[in-house]
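Taking the hints into account, I'd like the entire structure generated from these sequences.
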Amino acid sequence: MARTLAPVVAVERSANEARAARRDRLAGAAFTLPALIWILIFFAAPLVLMAYFSFTPLSPTGGRGAIGLGNYRAFFAESAYVEALWNSVVTTAIVVVLSLLLAYPFAFAIATKVPRSWQRLALAVAILPFWTSYVVRSYAWLLALSPSGVINWTLHALGVTHHPLMLAYSPGATILGFVHFFIMLNTLTIYANLVQINPRYVLAARDLGAGAWRSFLTITLPLSIPGVMVGAFLTVVLCIGDYVTPQILGGFRELLLPQVIMMQIQRQLDLPMASTMSLLMTIVVAIVYLAMQRWLRMARL
Amino acid sequence: MTSPCRTDTKAARGALLALIAGVAWMVVSTPAFARNTLDVLTWCDHEDPALLGPFEKANDVKVNFKDIDSTAAALAVLGQSKPGDWDVLVADETDTGRLAGLGLLAPLDAKDFPFGDIPTAIASPKLTSVNGVLYSVPEKFGYNTIAYNKTTFDAAAAADINSPWDPKYKGRVAVYDYYVPEIEYTAIALGMNPEKLTDADLPAIKAKLIALKQNAAMVGDVTTVQQALATGAVDVLFGGGEWVTAGLAHDNPNLNYTIPKQGGVRWQQGLSVFATSQKKDLATKFIQYILSPEGQGKLATSSCYWGMPANSKAVLTDDQKTILRWSDQPTYIKTTFPYLQMTPDFDKKLQAMWAEVLQSK
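Protein sequences appear in the order of chains A and B.
Residue numbers for the first sequence follow our numbering, beginning at 1414 and rising by one.
Residue numbers for the second sequence follow our numbering, beginning at 153 and rising by one.
Careful, some of the hints might be misleading.
Said to hold, decoys possible - Chain A regions said to be covered by chain B (calculated; three or more residues, Cβ under 8 Å):
1. 1484-1496
2. 1551-1560
3. 1643-1649
4. 1656-1666
Unchecked claim - Using C-beta positions, here's what the derived DEER-type ranges look like:
5. A/Trp1566 to B/Thr495: 44 to 52 Å
6. A/Leu1703 to B/Val229: 47 to 55 Å
7. B/Pro355 to A/Leu1541: 48 to 56 Å
8. B/Lys209 to A/Ser1546: 51 to 59 Å
9. A/Val1698 to B/Thr350: 35 to 43 Å
10. A/Ala1537 to B/Lys214: 48 to 56 Å
11. B/Thr350 to A/Met1705: 45 to 53 Å
12. A/Gly1478 to B/Ala352: 19 to 27 Å
To be verified - Some chain A residues flagged as far from chain B (calculated, every beta-carbon gap over 10 Å):
13. Arg1426
14. Pro1473
15. Tyr1582
16. Leu1598
Calculated directly from the structure, the hints in this document are not laboratory data.
C-beta: ideal position from N, C-alpha, C; glycine also.
Next comes the structure, spelled out in structure tokens:
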């Protein structure tokens, strides 16, 4: 009897397993669906729309022109626009490097030198400037850098300068404003990664005779790269598309791409050309993402 | 004790009611829904209750306005609206041709408005009409000027359009970032007629603008250049509107403005009726009210920004006339050029050239 029932039981078990698997799949789909719909509506659809717009340049009279590559040709034919894209890439690269160089030692000190009970307070102090508005922070830098600002006052008081320097309204001021913001962001991502590294690795290396510098270079630094890369990628995404800081601190000494995009909209409402430029910027960010994908592990944060 | 299930149901019901109320409010607040309203796309100077109140009372109507800061902003709002949602537009009259070309404006009858009281140059059909058809009624104007700090910049130097290029003032000059008046000012400095610019004039203008940028400390928007002048970061501002110093005059009486002896640039705004408006008669009445001596006085001294009223019979006090430099107006109008009348194509060329100037090292 048992011999005859065995196949039936097996079939039933298999059917039950299949049902359970289907239920799991349905539950998974149900949980994923809201996020998927959200992404489709608020990311994919606007992106497709933007791509479509970018291929429909304005006609010479200001109406909708024929579909084609006119906007892309116009963009690459205008040296000022290409230069704006290049300026954005270079500025972003400088900001990424400077932010990481300044944020890493800061995060490292908080993660390894500050007693655990004080780390939260140290982090809170580190991100304190986040509590004020981004625009307010940019204007605060403008005041600090002005001829009668605190920096010029200090330089003059120390006898370093005899006349106020024009420190604001320059690409350097833009980079300063950016770096101030992104140090905080990178400190957080790097710190979050550093505290996850098992301290026994470094202790083992030290037991085996490695010096502090060597154990940092061969153990701590490589293991903290995901945090560094996540910080770097977020910096790229937020910095390359930022309009406020260069607008307030840059003084139009050179144009970044977001400023050129705004120029298209503010005067002529040339949304097709603005879409073309935005899409090109999105492509740059996508290239950066692909290049960094190997190290981007959000789960480590 | 309330069960969690009942609490959830109540919360869901509350959320649903809030949603319905929200949607209802959105529907009710759309311009098309309200019957007894006049819907106006306007700059901030038409929003004072003191200006709108008498018109609303006289016509038993509510003026529903939406704030815009440029013609592009108006076009963006129109893109999100249904035909007929908006009745009146306040716009820079340099865009009259472009807006009429897009079929957005209704023809107007000059006889309905006090053109006899408007200076001839301000009433010029070049700014208000296309092919002899009136589309915009001028209501307010002013000047892009040389603004300067009297304590650090010589008044005689400010009267010379070439001073901002003088190496003596290197690093002390701010340049307003709106390319239309800057290009016109530069054309005047080059001895050109800024109303008749062609492609052939652009290389010389570009070279001159690059030289200006190299002598300047900064190029910036209204807020930025105003702040630079106020904090002493610069001593002179090239091409900014007179409102830059007018807004600061109370706190800093050392700030002044002038129009160079070689000539300057004049901005001018006008009122138009949308072609799709269902309330054209009321819209015309609104324009008539704004152009009336009382309306003009209130518009000229708006809490947002002051400017010269188009109607020379505007009701203003002597103090207000002094601040507006009333007695200088005949000379100012004579020595200034209005904003360029451009095709969208030429406008794009100027914008690209301006970008090249800003990118120059």
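(message) Checking each numbered hint in turn, tell me which of them this model violates, lowest number first.
(response) Those not satisfied are hints 3, 6, 8, 14 and 15.
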